[in-house]
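Q: Listed below, chain by chain, are the residues.
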Amino acid sequence: MKINAEEIYGLIERIRSQSPVIHNITNYVVMNNTANALLAIGASPVMAHAPEEMEEMVNIASALVINIGTLSENWIASMFKAARRAREKGIPVILDPVGAGATTYRTKTARELIAAGPPTIIRGNASEIMALCDDQSRTKGVDSAASSDRAIDIARTLSEAHRCVICVSGAVDYVADQGKMIKVENGHPMMSKVTGLGCTASALCGAFAAIEKSPVTAVVAAMAVMGIAGELAARKAAGPGSLQMHFLDWLYLLDVIDISQLLKIEG
Amino acid sequence: MKINAEEIYGLIERIRSQSPVIHNITNYVVMNNTANALLAIGASPVMAHAPEEMEEMVNIASALVINIGTLSENWIASMFKAARRAREKGIPVILDPVGAGATTYRTKTARELIAAGPPTIIRGNASEIMALCDDQSRTKGVDSAASSDRAIDIARTLSEAHRCVICVSGAVDYVADQGKMIKVENGHPMMSKVTGLGCTASALCGAFAAIEKSPVTAVVAAMAVMGIAGELAARKAAGPGSLQMHFLDWLYLLDVIDISQLLKIEG
Amino acid sequence: MKINAEEIYGLIERIRSQSPVIHNITNYVVMNNTANALLAIGASPVMAHAPEEMEEMVNIASALVINIGTLSENWIASMFKAARRAREKGIPVILDPVGAGATTYRTKTARELIAAGPPTIIRGNASEIMALCDDQSRTKGVDSAASSDRAIDIARTLSEAHRCVICVSGAVDYVADQGKMIKVENGHPMMSKVTGLGCTASALCGAFAAIEKSPVTAVVAAMAVMGIAGELAARKAAGPGSLQMHFLDWLYLLDVIDISQLLKIEG
Chain L
15 MKINAEEIYG LIERIRSQSP VIHNITNYVV MNNTANALLA IGASPVMAHA
65 PEEMEEMVNI ASALVINIGT LSENWIASMF KAARRAREKG IPVILDPVGA
115 GATTYRTKTA RELIAAGPPT IIRGNASEIM ALCDDQSRTK GVDSAASSDR
165 AIDIARTLSE AHRCVICVSG AVDYVADQGK MIKVENGHPM MSKVTGLGCT
215 ASALCGAFAA IEKSPVTAVV AAMAVMGIAG ELAARKAAGP GSLQMHFLDW
265 LYLLDVIDIS QLLKIEG
Chain Y
15 MKINAEEIYG LIERIRSQSP VIHNITNYVV MNNTANALLA IGASPVMAHA
65 PEEMEEMVNI ASALVINIGT LSENWIASMF KAARRAREKG IPVILDPVGA
115 GATTYRTKTA RELIAAGPPT IIRGNASEIM ALCDDQSRTK GVDSAASSDR
165 AIDIARTLSE AHRCVICVSG AVDYVADQGK MIKVENGHPM MSKVTGLGCT
215 ASALCGAFAA IEKSPVTAVV AAMAVMGIAG ELAARKAAGP GSLQMHFLDW
265 LYLLDVIDIS QLLKIEG
Chain E
15 MKINAEEIYG LIERIRSQSP VIHNITNYVV MNNTANALLA IGASPVMAHA
65 PEEMEEMVNI ASALVINIGT LSENWIASMF KAARRAREKG IPVILDPVGA
115 GATTYRTKTA RELIAAGPPT IIRGNASEIM ALCDDQSRTK GVDSAASSDR
165 AIDIARTLSE AHRCVICVSG AVDYVADQGK MIKVENGHPM MSKVTGLGCT
215 ASALCGAFAA IEKSPVTAVV AAMAVMGIAG ELAARKAAGP GSLQMHFLDW
265 LYLLDVIDIS QLLKIEG
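Residue numbers (this note's numbering), protein chains in the order written: chain L, 15 to 281; chain Y, 15 to 281; chain E, 15 to 281.
Quick caveat, the hints were computed from the structure, so don't treat them as lab data. A quick note: this is a predicted structure, and the numbers were derived from the prediction, not measured. One or more of the hints may lead you astray.
Repeated chains share a single entry, so a pair holds when one copy, or any two copies, can fit it.
With a straight-line Cα cutoff of 30 Å, these simulated DSS-like cross-link-like pairs (lysine-lysine) come out [as the list claims (entries may be wrong)]: (1) Lys-103 / Lys-122; (2) Lys-122 / Lys-95; (3) Lys-250 / Lys-122; (4) Lys-197 / Lys-95; (5) Lys-278 / Lys-227; (6) Lys-227 / Lys-250; (7) Lys-122 / Lys-16; (8) Lys-103 / Lys-194.
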């Protein structure tokens, strides 16, 4: 895929000027960071999960991000409701299967959400993506980075079976779309020491998909922007506390020159 | 209204010396920031929503802040319970109708809370305040800043109808109290890129109302302090990540000289 | 007890190399900070509370941290389930009785959790620890620092009655274990202006107990590391906003020299 720095920056400018409403049903741990990351990039976050208001919230949104990091029966009902309405309305749906593979409850919920109607985009780490179709895979916690060829194969298969874009994120992010495979090599190891940056990545996929018709372009741009902001943040960060702060600053500050200098996409 | 920097600083000193307990029933997204802002200004935050402990929690509090940002049936029951006990006890109740106008559920809940017994103070953005009495208004998400003369008129009407203080916050904050209208012109545009600073403002209204008998004085002081801390933070901030950090530092550091130099109140 | 800087640093190195999974059932206010602190010290946090996945989550964990800061009936059920499985499996259980004494609901829940099977470690402030066995004690909010000889006596009694380690944290932390009493004098007053650092301390007790067989050694090390990271953070911090950020950085950066220079343990 040919996407260059100017095009990615063009997408950021569209987010900044259009401020698309991104509806997030996400976990308690990352709600604050996710909302802040969406604001920093220029989007307009809504964090809402009450079944009573799902359809109405989706109605004002330009993308829906579903993250299963902290589940309960009520929230699962909301996830199905919101996804159904999003499909009817034709806005992109992003699924983040946090911790799939770690417990049956998560694996089952993620698979059922996909079965009810494939999301536009699925983003997870290797263990989570593997758990979406493989009963043998097991995650050690939710931050497992057991990246493997197996996960990439599964991403390829899932992408074709469900006609959706699958991103296996890790030190290198792999983006599978209908037989194509793009690698995004931006990012910094210290990012794994900040909670919820994976969830932030999924939310940014939502922001880019809200303003860009090609889901694969949106995902590649979102993952590159995540990684580049992380690299720039790491230059000034003494540790993960300051990394998180600088990361939000960089999402806000990113310019076409920063992206040109650092962008590493292949495939 | 005549409130000067020395008086505002005097209120901060009272918060710092008395550490009033502020009971917050607030949304998941901002709980952490809100608690940190209350601690930084010198108050003693409690974040509690279980119906089983509402009355007891209100019993140890000097103000109650109700924020409808993430609702569920249980929490709504707690909001009514806590508000009833707060009225019986005679402590100020602050309502933040987050997202009223965006969904029927939020609009209905906010209106029912007001109907059950008017809060002492209501603070919201223009769309949210309009939604409290106007079925035509519609918010685009929860961060809408569609400030308008219409919202100010409605604030005036609501203030008189319910004998409460209404604050319409935005680039300029309008505080309506029984026919009077005070403008607070402190603040910085980058504050809208940090999630939950509106919620923080409502919580600070609670802290000031806990130690100052005149609700309108408390609201004007709280909004001025928010804005001044934001302006000072923006001087050092590269983006919204560092703004949030410096903002908390400044709530903690604020001195009478800072307030004197920056205070912009009119009316 | 004789534990020196080298031994404490050795424990940190074990956390960093083993990345033990710490399962937290904790309150909404601090979930993000707690996860970040565990990541910064080198552990692998899981934040999960759904009854449907409690046993499976405990199965992949090396320690369980139960924090009652924001309760509901469902979560209490999960706490009992998780604690039972943790005892069966033989991993350490840490209880943080946030706000015990402030409301009947919290006091009752904390006492029932202890009665169902004593935790390995209990950490709270003076009011909270007193509430575990004394109906006369009353907390003013959840951040009360009414440290007192009474709390220390109660800690001693509880430790012997339940054969567990009790930590009464405050300006000085007291760690009671079967007749012994160790004082940790690290820390900085500004830490009380950041929400949830007590909860973070309990989570770090979990991380240290996951890799160190002696619970009292784990608690003393965790409290010393908390205090030392806080002291180092305070040197650079202008206020509580920057303190929180530097604190996370220091958990990540801590070296044996930092610990040697600052460690203050007695008894």
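Q: It remains to establish, for every hint, whether it holds in the given structure.
A: Status of the hints after comparison with the structure:
1. Lys-103 / Lys-122: Both, since 26 Å and 25 Å are each at most 30 Å.
2. Lys-122 / Lys-95: Cα proximity of Lys-122 and Lys-95: in one copy and across copies (17 Å, 21 Å).
3. Lys-250 / Lys-122: neither (41 Å within a copy, 47 Å between copies)
4. Lys-197 / Lys-95: For Lys-197 and Lys-95, the Cα distance exceeds 30 Å both inside one copy (33 Å) and across copies (43 Å).
5. Lys-278 / Lys-227: Classified as within: same-chain Cα gap 22 Å, cross-chain 46 Å, threshold 30 Å.
6. Lys-227 / Lys-250: neither (35 Å within a copy, 38 Å between copies)
7. Lys-122 / Lys-16: neither (36 Å within a copy, 49 Å between copies)
8. Lys-103 / Lys-194: within (27 Å within a copy, 45 Å between copies)
The structure fails hints 3, 4, 6 and 7 (numbered hints given earlier, in ascending order).
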